[in-house]
Amino acid sequence: MRKMLLIVIAATMALPLFAMGNQDGGSRTVDRYDNTYQVEVKTLNYFLLLDTTAQRVAANTQDHLVEQDRFGRFIPSLAESWTPNADSTVWTFKLRKGQKWVDHTGTPTTYEITADDFVEGFRYVSDPANGIRNISSVRNVIKGLYDYYYTLVDIDGGKIQDKTREAALATFGTVGVKALDAYTVEYTLTQPTPFFLSYLIMDLFYPVEKAFLDAVGPANLGIAKENMLYSGGYYLSDWQRDKLIVMTRNEHNWDKDNITVRSINMQKVSDPTVELQMFMRGELSSALLSAEQAKALEGSPFQDKVYMTDLTSVTFWWHPNYQSPNPEFNAFIRNENFRKALYYGIDHEKFLSLDDQVNPKGLIRSTIIPEDQCFDEKGRDFTDYPGVKEFKDRGNPYNPAKAREYLAKAIAELTDGKGSIRGVTAGPVDMKPIADFSVDGKLPIQMVYVHTTSSKSTTEALLFQAMMKDTFGDDTINVVLGQFVDNAYREAILPLKYDMMWSSFRFAYADPMAQFGRLVTDGGFLNMAVDSSKKTNTLFDKTLYDLVQAAAAETVLSRRYAAFAKVEKHIQDKAYIMPYRAGGGSYTISRMVPYTVPRGGFGVTRFKYKGMIVESQPLTAARVAELRTAFFEEFNKLTAK
Amino acid sequence: MRAYILKRFGESLVTVFIVIFAVFMLMRFMPVEGYFTREDFTEMTAEARQVYLQSIGISGNPFGQFGRFLSGLAVGDWGRSITVYPKTPIASIIAEKAGYSLAFGLSAIGISIVFGLALGIAMAQNKDRLVDSLGTLYVVVVRAIPSLIYLFLIQIWVSGILGWPMVFYADVPVSWILPTVSMALPGIAWYAIWLRRFMVDEENKDYIKFAISKGLPRKKVMTGHVLRNAAVPLVQYLPTQILLTIAGSLIIESMYSIPGLGGLLVYAIRQQDNPLVQALVLLFSVLGIFGVFLGDILMVLIDPRIKLEGTSRTGDHV
Numbered sequence: 348m349r350k351m352l353l354i355v356i357a358a359t360m361a362l363p364l365f366a367m368g369n370q371d372g373g374s375r376t377v378d379r380y381d382n383t384y385q386v387e388v389k390t391l392n393y394f395l396l397l398d399t400t401a402q403r404v405a406a407n408t409q410d411h412l413v414e415q416d417r418f419g420r421f422i423p424s425l426a427e428s429w430t431p432n433a434d435s436t437v438w439t440f441k442l443r444k445g446q447k448w449v450d451h452t453g454t455p456t457t458y459e460i461t462a463d464d465f466v467e468g469f470r471y472v473s474d475p476a477n478g479i480r481n482i483s484s485v486r487n488v489i490k491g492l493y494d495y496y497y498t499l500v501d502i503d504g505g506k507i508q509d510k511t512r513e514a515a516l517a518t519f520g521t522v523g524v525k526a527l528d529a530y531t532v533e534y535t536l537t538q539p540t541p542f543f544l545s546y547l548i549m550d551l552f553y554p555v556e557k558a559f560l561d562a563v564g565p566a567n568l569g570i571a572k573e574n575m576l577y578s579g580g581y582y583l584s585d586w587q588r589d590k591l592i593v594m595t596r597n598e599h600n601w602d603k604d605n606i607t608v609r610s611i612n613m614q615k616v617s618d619p620t621v622e623l624q625m626f627m628r629g630e631l632s633s634a635l636l637s638a639e640q641a642k643a644l645e646g647s648p649f650q651d652k653v654y655m656t657d658l659t660s661v662t663f664w665w666h667p668n669y670q671s672p673n674p675e676f677n678a679f680i681r682n683e684n685f686r687k688a689l690y691y692g693i694d695h696e697k698f699l700s701l702d703d704q705v706n707p708k709g710l711i712r713s714t715i716i717p718e719d720q721c722f723d724e725k726g727r728d729f730t731d732y733p734g735v736k737e738f739k740d741r742g743n744p745y746n747p748a749k750a751r752e753y754l755a756k757a758i759a760e761l762t763d764g765k766g767s768i769r770g771v772t773a774g775p776v777d778m779k780p781i782a783d784f785s786v787d788g789k790l791p792i793q794m795v796y797v798h799t800t801s802s803k804s805t806t807e808a809l810l811f812q813a814m815m816k817d818t819f820g821d822d823t824i825n826v827v828l829g830q831f832v833d834n835a836y837r838e839a840i841l842p843l844k845y846d847m848m849w850s851s852f853r854f855a856y857a858d859p860m861a862q863f864g865r866l867v868t869d870g871g872f873l874n875m876a877v878d879s880s881k882k883t884n885t886l887f888d889k890t891l892y893d894l895v896q897a898a899a900a901e902t903v904l905s906r907r908y909a910a911f912a913k914v915e916k917h918i919q920d921k922a923y924i925m926p927y928r929a930g931g932g933s934y935t936i937s938r939m940v941p942y943t944v945p946r947g948g949f950g951v952t953r954f955k956y957k958g959m960i961v962e963s964q965p966l967t968a969a970r971v972a973e974l975r976t977a978f979f980e981e982f983n984k985l986t987a988k
Numbered sequence: 047m048r049a050y051i052l053k054r055f056g057e058s059l060v061t062v063f064i065v066i067f068a069v070f071m072l073m074r075f076m077p078v079e080g081y082f083t084r085e086d087f088t089e090m091t092a093e094a095r096q097v098y099l100q101s102i103g104i105s106g107n108p109f110g111q112f113g114r115f116l117s118g119l120a121v122g123d124w125g126r127s128i129t130v131y132p133k134t135p136i137a138s139i140i141a142e143k144a145g146y147s148l149a150f151g152l153s154a155i156g157i158s159i160v161f162g163l164a165l166g167i168a169m170a171q172n173k174d175r176l177v178d179s180l181g182t183l184y185v186v187v188v189r190a191i192p193s194l195i196y197l198f199l200i201q202i203w204v205s206g207i208l209g210w211p212m213v214f215y216a217d218v219p220v221s222w223i224l225p226t227v228s229m230a231l232p233g234i235a236w237y238a239i240w241l242r243r244f245m246v247d248e249e250n251k252d253y254i255k256f257a258i259s260k261g262l263p264r265k266k267v268m269t270g271h272v273l274r275n276a277a278v279p280l281v282q283y284l285p286t287q288i289l290l291t292i293a294g295s296l297i298i299e300s301m302y303s304i305p306g307l308g309g310l311l312v313y314a315i316r317q318q319d320n321p322l323v324q325a326l327v328l329l330f331s332v333l334g335i336f337g338v339f340l341g342d343i344l345m346v347l348i349d350p351r352i353k354l355e356g357t358s359r360t361g362d363h364v
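Quick mapping for you: the protein sequence lines, in order, are chains A and B. Going by the working numbering, the first residue of the first sequence is number 348, and it counts up by one from there. Going by the working numbering, the first residue of the second sequence is number 47, and it counts up by one from there.
Worth double-checking, as some hints may not be accurate.
As the list claims (entries may be wrong) - To be clear about the criterion: a stretch of chain A counts as covered by chain B if any three or more of its residues have a C-beta under 8 Å from a C-beta of chain B, and this derived list gives those stretches:
(1) 387-396
(2) 608-617
(3) 620-633
(4) 800-808
(5) 825-837
These are calculated hints, taken from the structure and not from any lab test. We put the beta carbon where it would ideally sit given N, CA and C, even for glycine.
Just chain A, same shape as in the assembly:
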C-alpha cells in the first residue's frame, strides 16, 4: 500500500515536469546514454560475469572473435574470418592485425591483440584456482579441457598426490586452444559442433594480455579500472563502487565508426521510483517500469510512451518437486494424470496479467526451447519442428474441465475410493522454516507453493492458490503457501522444501542441449540429482535420458533438432515441467531507438550498445510498434520464414 502511495505521489508531482519536458516536440540524436543499475557489480573481471551490470560492462569494453549483428547473425569482430573443418570439430580464426589493447584512459598500449591473448584467456579460465565458475558450460566441448581442469581440481583437492600443480599446468598444450601464429587461433572440439560460434560470445572466450595479467596479478584482474586493458568499443573511464560506471568510446577500436554513442553512464539507483523520476527529468535515457508504475502514468503526457520490451530467450516454467518431503504431493506428482491436471488447471493468461494487464497472452511461451534462437542449416527454427510446434502454437493451455477430468483419473488411481491416499500415512511434514504443516493421508492433497516475501511474489502466490481453488475446489487440492527470504535455490530448491514453484534457466548457447542437458543428463532435477546427499541412482525416466543422449550425439543440425524435438515433446507430453512465460516483456520508457543494437539470446550480445541510437525525447509506443513491425518483416525474410 505504502509503495503504491509513493508511486502515485511521485507520478502526480511529476506531471508539471512532463508537460515542460514535452513542449519541444522535435527529437534529435544525442551521443550519451544514461541508465542505471540496482545492485553493485561484484567484480569487473570479464571472465567472471556474475550479474547483468558486469555483463553490460564486459560486452562493451571487450570484443570477442565474433559478434552478432542486429538480426543475431554472427559477424566478424576481432577475427576477420573463420573456417570450420568439414565436420566442424576444428575451427580456425584469422585475427585482424594492428589492434591494440587500450588502458583506462583510452590510450593504446604497446600490447597488440594477438592469437596468444585468446590462448592465455582460456588458460586463465581453465585454472580452477582462478574461480571462473562458468567453465562447466564448455568442459565437454573443448578437447582436452575436461581432463586438464579436473586434474587440477583433484590436485588442489588432495585426490592426486603424485603430480604437482606445476606439472599439471604444463600440460595445457593438450587443451584444444592453440595459436598457430600471431594472428591465427584454432579451437579443437570433442565432437562436431556446428553451433560453436554461439559459445564464442560467452565470457570464457575473451582474450587477455598475459604480460599485463602477470603484472597486476591474476587475483587483481577486474577489481579496479586500472587493473584491466580493453579490447572493445569502449573503455572503462570511471568506476566508483556503488555509485557510477562510465564507459567511453574507444577511438582506436577496429569498428569505431559503428560505436555511435560516445559515452555510456551507468548510475547505481536502488529505488525504481527515483529511477522513473530521473527519467522524467531528463537525467536518464531509459527506465524499466513495474506494472504499478505503468498504471500510475495513465492519464499523464507520458502514457503513450510506455511500451513493452521484446521477449528474451529465457523461459520460465512450473517446476514441481519430484523428491518432496510432503508424502501426499510426492505420491501425486509422479502420476501423469495429476501433472496434466496441473498443466490444464493453471490459467497462464491470468497469472501473467500481473506483469502485463493489457496483453498477458503476449508473454506466454509454451516451449522449453525459445523461438528465434536455434536454426538448422536450412534456416528452420527448432520450435517449428514437428513435436515442438504443436506446443508452440498451443498458447494458454488452461482448460478447467480437462484439468478436473485428469485430476479425477489421478484420484481414482491413487486413492482407495474413500479419499485416503494409498501408501501415505498421517504425520508432520518437515519443510520448516518454509512451511509448517501436517498431512492426514487423505484428500485434499496438500501442495506447498513457495515464493519470496516481496509483494509481487506474494500476490502471485495468492493468485496461484485462488486459481487452484477455482479449478479444483476445496476438497481435492489445498495450496499451502511457504515463503523463503532471499535465495530460492539455497532456501527451497536445494533442501527440497517445496512442492511447486516457478523457475528458469538462461539460454547459454544456440543448441537445445543448453537446456535439456541441464534438465536431464548433467545432474538436472529431471534426473533426480538436485542434491548430492539425496542423489539416487535410479534414473527418473530412462526413456527421456536416452532420448537426450541420442539427440546430443547427432551432429547434423536438422537431424539433431529432430531428435531434440522428441525430447521436448516427451517432457511436455509427460508434463514434467510446464513452460509458461518468456523472459523480457517488461514495461519501459526510453529515449533509445530499439532494434539498433546487436540481437542475441545467449552470451553477452544483448548487452552490447554498438550501433545504438539515442534521441533527446522519449519514443512513443506507436513509433516503437512501427519499428518492431519493420524489424520483424526484415528478420523473417532473413530467417526464410
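Chain A is fixed; fit chain B onto it per the hints.
Just chain B now, with coordinates in the frame of chain A:
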C-alpha cells in the same frame, strides 16, 4: 583516572575479541551452498566445490581460520572480500566508502547539534507557548510519521522545486544538501526534545530557584547552570554517535545513491561474505566500545561531580 583508563581499555579489548570470535564462528554455521549460485552448485562436482571453498578460505578447521584472520590483522591485512566484491581487498573497500559516510554523517551531526540544541533551548525557555508547541509538533511529525514518507517527499518534491539533482554527485555541491538535511532531521528532533526535557527538569530544581531568587540574571542562570547540567546526559552519547557515523545511513545512502558504508554489513551477511562481515563487525565494535569509553571521559570533563575510579562521591553533590 589512568588506572581507570587502563582497566577500561583491557575490558574493551576482551569485549571486542568476544564479539569478533562469536561472529566469526556464527558465520561458519551458515550453509556452504550460500557461497555458490544455483547454476554453479548443480554444475560443479563435489571436488570442484571443495576447491572453490578452499580458494576463498572457507573450508578447514574454523579455529585455524580464526587464527589466520587474527594473524592477518596483526600485519594490517584485513583480507579480501569473497562474495560481495570478490577478491577486492577489504581495506580498500572500507577506505573508499568510509569517507562518504563520515562526511555526510558528521555534517548531519553538526546540523543536528546546532539546530537541535537551539530548538531545545527555545522550547524550554518558552515552555507551553507557541514556540514550544511548534517544536513539539516538529518532533512528533519526525518521530511518528514513517521516515520513508517524508524523506521521499524531500527527495522528489524539494529537489523538483529547487531544481536540484535527485541523487548525489560528488562534483555537484548542491546535491550534498538534501541528503545531509534529511539525515539531520531525526537528530534535530532528538537533541531538541531531550534538551528541553533536561532543561525543564533543571529549571524546577531548588538550586535554580534559589539562584534566581537571589537575583542572578536569568540568562546567566540558564547558560551557566541549567544548560550545562542539562547537557551532561546528552554529551555521553556524542562520541559513539560521531564514531559510528562511519557505518553510514542505510536508507539515505540508498535513496541518494551515496556510495557509503550504509547497509554494507547487512548485505555482506546476506551474501555470506565472511571476511567482510568480520572486518566490519570488528570496525564497528571497536568504534562503538571506544565511543562509550570516550563518552565516560567526556562526562567527567564536563561534570566535575562525576568520578570514574569508583571512589566515594560523598560531598561531590551540589
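Now for the hints, and whether the structure bears them out:
With a cut-off of 8 Å between beta carbons, the region 387-396 of chain A has 5 residues touching chain B; three or more are needed, and the interface restraint holds. Residues of the region 608-617 of chain A with a Cβ under 8 Å from some Cβ of chain B number 4, which satisfies the need for three, so the listed coverage holds. Coverage of the region 620-633 of chain A by chain B holds in this model, with 6 residues showing a Cβ closer than 8 Å to a Cβ of that chain against a need of three. Remark: the region 800-808 of chain A is not confirmed as covered by chain B, as 0 of its residues place a Cβ nearer than 8 Å to a Cβ of that chain, below the required three.
Counting residues of the region 825-837 of chain A whose CB lies closer than 8 Å to any CB of chain B gives 5, so the stated coverage by that chain holds, three being the minimum.
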